[in-house]
Amino acid sequence: MRTTRTTSRTQQPRATEPRGPSRRTFLRAAGVAVALPALASLVPRGARAGAEPAPKRFVALFFPNGTTQRQDWALAGSGTGYTMGTAHAALAPWKPWISMFKNLNGDYGGAPDHSRGTASFLTGAPINDQITPLVDVSIDQAIAEMLDPDTLLRSLHLGPTPYPAGPPSDTGWPSGYNTYISWSSPSAPNAPLESAQVAFDQVFVPGGTDPDVAAARLRRRQSILDHTLVQVDAIEPRLGTDDAHKLDEYLTSIREVEQQLQNMPPDPSCGSGSMAPGDGLSFPDHTKAMLDVLALALQCDATRIVTYSMDYGFGNKDFTFLGVGNGKHHNLSHSGSTPEIIANHEGIVSWYMEQLAYLVGKLAAVDEGGATLLDSSIVYMGSDVGDGWSHSHADLPMILAGGGGGALDPGRLIDATGASYDSVLLALAHAMDAPLTGFSGASTPFAGL
Amino acid sequence: MRRSIATGIGIIALGLPLLVGCGDRHGDAGGTEGGSSSSDGGSESGEDPDACAPVPARVGLQRLTRAEYDRTVRDLFGVTSSPANAFPPDSSTAGFDNNAASLTIGPQLASLLLDAAEAVAAQAMADQRDEILVCAPAQDEACARQTLSALALRVYRRPPTETELDDLFTVVQLEQTEGDGFDAGIEVAIAAMLMSPQFLYRSVPSNSMGLLSAGEVVELDDWALASRLSYFLWGSTPDDALLERAAEGVLRDPDALRAEFDRMLADPKAEALYEGFVGQWLQLGKLAAASPDPASFPEFDEALRADMLEETRRFFEDLRARDGSMLEVLNGTRTFANAELAAIYGVAGVEGTALVAIETDPTERAGVLTMPAVLAMTSGPEKPNIVKRGVWLAEALLCVVPPPPPDGIPPAPDPTPGETERERLERHRADPSCASCHQLIDPLGFTFEHYDALGRWRTDDEGQAIDDEGQLPDGRTYHGAVELAELLASGPEYPTCVTDKLVTYALGRTTTAEESCMTTAIGTETITADASLSDLLWAIVTSDAFQTERMPAQ
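Those protein sequence lines, which keep their order, are chains A and B.
Residue 1 is where the first sequence starts when you use this note's numbering, and the numbers rise one by one after that.
Residue 1001 is where the second sequence starts when you use this note's numbering, and the numbers rise one by one after that.
Derived by calculation from the structure, the hints in this document are not laboratory data.
Predicted, not measured: the structure shown is a model, and the values here were computed from it.
Treat the hints with care, as some may be off.
[Unchecked claim] As a list, the in silico EDC-like pairs of lysine to aspartate or glutamate whose alpha-carbon atoms are at most 20 Å apart:
#1 Lys-1286(B) - Asp-279(A)
#2 Lys-1388(B) - Glu-1426(B)
#3 Lys-1269(B) - Glu-1317(B)
#4 Lys-1383(B) - Asp-267(A)
[Claimed, not checked] From chain B, some residues computed to sit far from chain A (all C-beta separations above 10 Å):
#5 Gly-1095
#6 Leu-1133
#7 Arg-1154
#8 Gly-1249
#9 Val-1250
#10 Asp-1474
Don't be surprised by glycine CBs; every beta carbon is placed ideally from N, CA and C.
Whenever a hint applies, use it, and build me the whole structure from the sequences.
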């Protein structure tokens, strides 16, 4: 349950962000009477800039079906002297910002199939329910809960191009376990956006800058949501206890949208020059567009927490565009031990690493007053299984990129032998300055980040 | 009054996505969850539905799926822009995306629902202003309430309460106070309705059902029954005619209900049964992932992939139009093909790209079992995938769901020169850790050995003779798809399985183990050579499971 979140966050003074005049200031000027949260102070743009360090950002990138665990992911050496695999060629220029895990094993509470591995990626939690998707709060949401950043969006959740018949479904499990990596509560997944254009519009709310138009729109939306909240209260007594979680989730989501209405949108000038991505993109174009939106959302401080399922668990995207013949990802990951098939799977892993390199390059190009966006970010990338063929959960292909605002010591091979998977997720939260006392089964954060 | 088809007692275990213990050689529908009197379920065959205990259960809050949302705003306001395309994907439980258990509303969806509500309301007022403003040019409070009442009846799928009307009128007033006029007030109120739980969840109990106590069983009122019927047959909201019947309070009368049922099943909107039910039941989404090797199958292209899918649609639309038997899924020889598909079927004389009705060879073909779509989507790039074909047959037609592969399982062995697939898989099953599941799956997959990766009949497999001996989970053996169809047409497994899936789809929840008595009874009675699709659907609509709700125990 997290219904109290919006209440608590509205009590907090806005502390660090240099921003334009708040929406509240501007609504007052427009003479609009709308109940808005009390803010401690209204600070003109730039007044507090300079002394404050850049806020930390957390990005989780998921790719499915693991690796071949052959030369593609052959990590050797130790510490900063480590050597990467053949799939990592595109990352070589960024090696000082890239750490890779060795011997980090998943703990899925059962055979490591795709559903278990995907559900565990950010939760460290096992799954059991075969009817209702139930996991646990994911680390990105635990971080968001504790940091409660005063950004337009509390967090942003992105996904791949749509599958025509819906996200892939694993035998015996609800497909939600493959579809969702971010969970606000055990029963409340954060379903990802499958359109880069829709994601772009979430960050840069369309509709122009005419203050009268914007004020009228805000008033109408607030009126609609006020009505919704009254209706939820009215039907609640008529529902069974089974529905309490669902109604609570709906209520929480509505309140979050209400909060978005009150939050400041990013300065329109931040995104100037960035192109709206459009609809109907191919998978590779969509991926690039999503990474662009992701980087822009961080750069403009529209959100500080992003998860991106580059494909869903059990994903079977067509990689024919790589020239790998009949290149359906999941099919290839299980198709045999012939050198050609292995090379095709390795080619797909390489492609995902190229996408990471693209994002890292974008983050590194954003200067935030002496440091780059990459310096202040933690990018955690990984997969549901280690060896895609056998579904092994041993030696997961997990990567860290960025400096975490000084909390990370990047550019190393991180030996996680003996560490629990939960403790690594907990350590990520601590590196984000979200000192959770525990996460999933871990109470002590992994010390080796 | 409606006659309940369920009283008395009789239980076998089916229902729920059934995870059989693969080690159980007889791990079929009756075998593992206890209570079965026989492993093949044969003793339940033909059981009178009245012999089943009534075991209604509550559907949780059931959000409209993306497809249902789009159809609903289309039918309410003529909006055909598919606003739900912008929503995050729905996920599925037990293979169906309308299952209440998987339908949630997170913050991103809530934000996009608000966008959609505003956009739909604006378009509705632009396109249907004259229909919506029922008392124009009046703009007083009485007119506003009359307008809102008529709108809410359709949007909420039942008459609004006085309080609900007051709440909507408050929205209109607020907007009017801001000087945006009557029309703008109504537009915002429409958006407010579209954002309300009464619209977004199609299972909110009506007021007339009162406050239910734990464990209490109640009959759905006419409004709730109309909604359930409409979303079952149309995947969309009740139309004005159905709402009128509900307002008259006649839907508990079997004749009145049957008249609506017949009218709706004959309506083109009932194609939603194909889009919503058949596609998910038969897992036809997997066809998108089929990737026949261009060198081996130069005739395969995206047009042929689309034709294969179109054939399945035409087959079921034809079945619905003729009100044929659901046994035709197993043994039908009437299907639809263009030149490319006819070539796969080996049927001469079909030209052009448009699909036309054909008769297939009954010694080689058996309904959906041997359709190119099914055979292609269960094949690898070069050749059929026996394991995939076996899993499909087990899941889709027998409701036997193999569990996920166990931990640390070794990959299947590579083929050795001259070895058939059957021999390779037999070598695979020699490993006990593999055998437990694959001795269930593989013998089902061998059924289709006469069909290549596009679904063409083949007389040999790269020079090796075809061996299409298959085996059902209860041990019965047969040769090929045609013989399998005969076996399945005479036993309770397939009828029970299809009924279970239809009930799961109709109710938006998984069936309970106790309900397997009902699904077996309905299936064995209405999936026969003499019974029709409408008999099956009608039996479901008149079942206790469909017509009642039970509040969960606190």
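Structure-based check of all given hints:
Of the pairs offered as hints, the one joining Lys-1286(B) and Asp-279(A) is violated, with about 24 Å between alpha carbons and a cut-off of 20 Å exceeded. Simply put, Lys-1388(B) and Glu-1426(B) have alpha-carbon atoms about 16 Å apart, close enough for the 20 Å limit, and the pair holds. Distance hint between Lys-1269(B) and Glu-1317(B) is fulfilled; the C-alpha atoms sit about 11 Å from each other, no more than 20 Å. A threshold of 20 Å between alpha carbons decides the hint, and for Lys-1383(B) with Asp-267(A) the separation of about 56 Å lies outside it, so the pair is violated.
Not every beta carbon of chain A lies more than 10 Å from that of Gly-1095(B), the smallest distance being close to 7 Å; the non-interface claim is violated. Every beta carbon of chain A lies more than 10 Å from that of Leu-1133(B), the smallest distance being close to 19 Å; the non-interface claim holds. Interface exclusion of Arg-1154(B) from chain A stands, the closest Cβ pair being 17 Å apart, more than 10 Å. Every Cβ of chain A is farther than 10 Å from the Cβ of Gly-1249(B); the closest lies at roughly 21 Å, confirming the non-interface assignment.
At roughly 25 Å from the closest C-beta of chain A, the C-beta of Val-1250(B) stays outside 10 Å, upholding its exclusion from the interface. With a least beta-carbon separation of about 21 Å from chain A, Asp-1474(B) lies farther than 10 Å from that chain, consistent with its non-interface assignment.
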